[in-house]
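Using the sequences and the hints given, assemble the complete structure.
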Amino acid sequence: MKIGLEIHFQLKGVKLFCSCSTEGEKSNYLFKRKMTPTMSEMGHIDRAARYENIRNRDFNYYTSTNSCLVDADEEPPHMPDDSNINTAIIVSMALHCKIVDYVSFMRKIVIDGSNTSGFQRTGIVGLNGYVETSQGRVRISTVTLEEDASRKISESGKNAFYSLDRLGIPLIEISTEPDIKDENHAIETARKIGFIVMSTGKFRGEVDSIRQDVNFSMGYGRVEIKGVSKLSLIKDTIKYEIQRQKSLADISGIIKARGGTEITDFMDITHILKDTDSKIIKAGLNKNKKVFCAKINNARGLLKNGNYRLGRELADVAKNMGIGGMMHSDELPGYGLTDNDVNNINNFMGIENNDAIIMVITDPEIITAFKSELDERLKNLMSMNLAETRAATEDGETRFLRPLSGGERMYPETDIGLIEIPLKRLNSLEGLVPESMEDALNNLKNNYGFSQTEAMGIINNNLYGDFKDYIKVLNEPKIISRIILQKLPEYEKKYNKKLSGDELMEIFTMANENKWGRDSVEKALELYVSGKYPLKILANAEELKPLDAGRLREIIIELMRTQEITEKNLIYLLKNKTKSSFDARDAIKIFENIKNNS
Amino acid sequence: MKTGEKIDFEYKGDSYSGIFIKNDGKITTIKLSNGYNISALNENIKILREYENNYVAQDNIREIKINGKNEVYILTTGGTIGSSVDYRTGAVKPVRDISYIYNFVNNISEFNVKQINVANILSENVNSKYWIEYARRARDVLNKNAGVVIFHGTDTMQHTASALSFMFEKLTGPIILTGSQRSSDRPSSDAFINIEASINFTKSDIGEVGIVMHSDTSDGTVSFHRGVRARKMHTSRRDAFQSIGIRPLATYTDGRVSVNNNAMKRQDENILNDKMDDSVSIIYFYPGMPEEDFINIAANKKAVIIMGTGLGHVSDNIINAIKRLSKDTYFFMTSQCLYGSVNLNVYSTGRYLLDAGVIPLGDMLPETAMVKAMFLLANYPDNLVKLMKSNLRGELNSRRILEW
Ligand SMILES: [Zn+2]
Chain A
1 MKIGLEIHFQ
11 LKGVKLFCSC
21 STEGEKSNYL
31 FKRKMTPTMS
41 EMGHIDRAAR
51 YENIRNRDFN
61 YYTSTNSCLV
71 DADEEPPHMP
81 DDSNINTAII
91 VSMALHCKIV
101 DYVSFMRKIV
111 IDGSNTSGFQ
121 RTGIVGLNGY
131 VETSQGRVRI
141 STVTLEEDAS
151 RKISESGKNA
161 FYSLDRLGIP
171 LIEISTEPDI
181 KDENHAIETA
191 RKIGFIVMST
201 GKFRGEVDSI
211 RQDVNFSMGY
221 GRVEIKGVSK
231 LSLIKDTIKY
241 EIQRQKSLAD
251 ISGIIKARGG
261 TEITDFMDIT
271 HILKDTDSKI
281 IKAGLNKNKK
291 VFCAKINNAR
301 GLLKNGNYRL
311 GRELADVAKN
321 MGIGGMMHSD
331 ELPGYGLTDN
341 DVNNINNFMG
351 IENNDAIIMV
361 ITDPEIITAF
371 KSELDERLKN
381 LMSMNLAETR
391 AATEDGETRF
401 LRPLSGGERM
411 YPETDIGLIE
421 IPLKRLNSLE
431 GLVPESMEDA
441 LNNLKNNYGF
451 SQTEAMGIIN
461 NNLYGDFKDY
471 IKVLNEPKII
481 SRIILQKLPE
491 YEKKYNKKLS
501 GDELMEIFTM
511 ANENKWGRDS
521 VEKALELYVS
531 GKYPLKILAN
541 AEELKPLDAG
551 RLREIIIELM
561 RTQEITEKNL
571 IYLLKNKTKS
581 SFDARDAIKI
591 FENIKNNS
Chain B
1 MKTGEKIDFE
11 YKGDSYSGIF
21 IKNDGKITTI
31 KLSNGYNISA
41 LNENIKILRE
51 YENNYVAQDN
61 IREIKINGKN
71 EVYILTTGGT
81 IGSSVDYRTG
91 AVKPVRDISY
101 IYNFVNNISE
111 FNVKQINVAN
121 ILSENVNSKY
131 WIEYARRARD
141 VLNKNAGVVI
151 FHGTDTMQHT
161 ASALSFMFEK
171 LTGPIILTGS
181 QRSSDRPSSD
191 AFINIEASIN
201 FTKSDIGEVG
211 IVMHSDTSDG
221 TVSFHRGVRA
231 RKMHTSRRDA
241 FQSIGIRPLA
251 TYTDGRVSVN
261 NNAMKRQDEN
271 ILNDKMDDSV
281 SIIYFYPGMP
291 EEDFINIAAN
301 KKAVIIMGTG
311 LGHVSDNIIN
321 AIKRLSKDTY
331 FFMTSQCLYG
341 SVNLNVYSTG
351 RYLLDAGVIP
361 LGDMLPETAM
371 VKAMFLLANY
381 PDNLVKLMKS
391 NLRGELNSRR
401 ILEW
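Those protein sequences? They're chains A and B, same order as listed. Position 381 of the first sequence, counted from 1, bears residue number 381 in UniProt numbering, the numbering being contiguous throughout. Position 158 of the second sequence, counted from 1, bears residue number 158 in UniProt numbering, the numbering being contiguous throughout.
For the record, the hints were derived by calculation from the structure and aren't laboratory data. Computed from a prediction, not measured in an experiment: that's the story for all the values here. Backbone N, C-alpha and C define an ideal beta-carbon position, used for all residues, glycine too. A hint or two may mislead.
Said to hold, decoys possible - Pairwise CB distance ranges (calculated):
#1 A:Glu435 - B:Asp8: 34 to 44 angstroms
#2 B:Asp8 - A:Met1: 24 to 34 angstroms
#3 B:Asn106 - A:Lys235: 45 to 55 angstroms
#4 B:Asp24 - A:Val433: 29 to 39 angstroms
#5 A:Lys235 - B:Thr253: 47 to 57 angstroms
#6 B:Arg400 - A:Leu30: 24 to 34 angstroms
#7 B:Met289 - A:Leu30: 38 to 48 angstroms
#8 B:Pro287 - A:Lys226: 57 to 67 angstroms
#9 A:Leu535 - B:Lys26: 52 to 62 angstroms
#10 B:Lys12 - A:Lys226: 27 to 37 angstroms
#11 A:Asp395 - B:Leu402: 53 to 63 angstroms
#12 B:Asp24 - A:Lys226: 33 to 43 angstroms
#13 A:Thr264 - B:Arg136: 52 to 62 angstroms
#14 B:Thr309 - A:Glu503: 50 to 60 angstroms
Here's what the structure looks like:
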């Protein structure tokens, strides 16, 4: 088994090739485009690109508050901002990559409509690095800087709808060699790479800001699984893919033993079903569509039967071509078709023994193209040539997307010149290169006295960089970790307000100046988050004024009058009694003093 | 090493293989097997091995030549639409074979498309000699009873369209200029639909020179703009060309041409006056413009088109200069506003301009006026003023309506 990862991280700030912000919302202005496959650098029309065109689709784009003419493909790209290139350099260095002399942006043809231009701009920044893992080094092939695609909103028939808010957001793509041993190792590797990108402080950190593609092979060709949305799904996805390929090997064996298979031409069987009660067929006929049926010999019982899901593999082709609702014999009668309907179809098609059928309801003009794609796919599946691009689903499964696309679909982006990366620039960035996750863990444990669990808590919550900033102004690791891991999220939730890093920094600075203890820092934080005091006068808040010895003594005496006070419950009861802060050691001293004197 | 040759090389201590693209003396560019180009300083790269060149570029062009009944000649002259990207070097080169259009024109089976390579020139370098050449070629095609489409750079397409409009006194069919704002190597290029629309417009009954480009940013409708009223109004958008002050003469949507009533119809013969006089200039007035600058441009010209402010105004010192020169030079007034008509009767400045001998041109576009003067000076020098003020090809409107 060979596993490689391609992980994409969004950066925040400004889009890669224009001056729009990475943050914005969809607007209501809509425009429409077509995509026409064009020649690649080497003179071929890329196979994946041609596949998309058969679909002859209309792509509709909603503009957004963060889109402009560049995003609409109505203005040439601007030169990329230095900050984005620097982040890619820093990440490359942390992954021990060689940095290129010049970043040379390429156009990667993508005509599924997700890019208004019909290509994605991408350029290599780092080459040939590695990341250390518990199972040895995983080699990094490339670190590239590229533009994110549009966000798909919906799809219906020939129309796909996209929003431009995501288009052009800078992405750092990190590709590993297939050095990953298994699904757990994949997750560890992804974590370690992710830690580095997050440590730059430029990671966007929204819901969809990390996307990973998994390259997988178990001897039947390389499968590229696009868009695994969560780290935890990597495991399920790989398991699903192993299972799928194993069952395809079984199916292929059974069919070979039965004497092979092929699909006959599609026949128009609309007349047989003109009086059917099937709602799905009636709806199609009302839209002037026709019902087509083809025979697949020797495939009965393999289309949908336990682990055997050949039907689904073929239905993916239909779905990709905008043909909905493919039906096949392993699920018939069904879809409102009666035994009688099915018998009529079987008789008309001349079904015998192991013959299976598939049916689609569609416009007649697309049926020839559909048939030729279907033939190609069945041939590949039966010869166990499983190399292709697949899409990951939200529930850890995968489905066929398109044939693999080669390097053929790349050619130079002529609107942007080469971007030189002189040695001077590399030297100036060296100080910003983040530590590895291992080094960070050791730093937290050895220099700040955290346990493994506490240290992992800081790292997994992406707070290591913040911690290092805060510790500079307040040398109290435990106070800081309790605040950033527990108290701050708690107060933010309670008062429904988000604090910026700068605000927290000010409070920690104040804590240092006023020599606040843990309780006072947390109290100050709550007072500020709740909106009671602005930062300017927070330090002078009544609640933060320490009680002087006289007042503290009065309160303790009052407490002792009403209940049994011990050294153990004193502090707890005092805190309930007064909002003001006090020094616990002083309180105990005073208490003992009173007790001894009475 | 030759472009396209497979090589092994060392870069910063690591070995790779790839395809050699170019070496410009300082930087070597190599395409890696994953498709990316690497551009490396020559001192950082070491070629380890060169393989024999077995790469042959293949053009993926549909082999079928369709002999539809409508013959259309495409005259290629250069510009974005007539160029393609060399996918290896990124350099732009002229299209030598346009049969790629068979891949995307929907109803191509109705046509028989042929290409004549007339020029390969950036449109900013086009001048009156090219206009005359294009006009003669177009006439020859129309005389064969075939349709004619000219692929032209967009920057000066409006000038060429105006020149052809005036040179042809009669037309047996439309002469269509089309271009693109996005190069045709891009899947999103506007060229594909502009070409499809242009080819389909050749079947219409319009007898005018027109510019055919996107109506809006969407790939939906394409407009046929009257050549003498069209203007490039945006540097980069697909719908850069607009009909100024009138509606487009026709539109094309999804295989359907619809022509509005104002389009002039085909006539029974082609009459071409293929002469142009270059002794015309155009001067854009600005506040504080020195008299000497104005005189330097205007002197020794037979006619000058002024682009005045607002209703057609210039400063007093420029009026004085005009007074001095108007014995030998014709001065015509147009407006920088582009939309609307000049009127020299509203303000005193206007009346002084009339006294100085300036001839107002109504709502005629400045570039159209310049080309028109070049045409009239060469063909009707004795009637210059009268014809400049007359509407010959739809370039001058007496009515401007509020809405359409
Ligand atoms: Zn933008």
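**Request:** List in ascending order the numbers of the hints, as given earlier, that are violated by the structure.
**Result:** none
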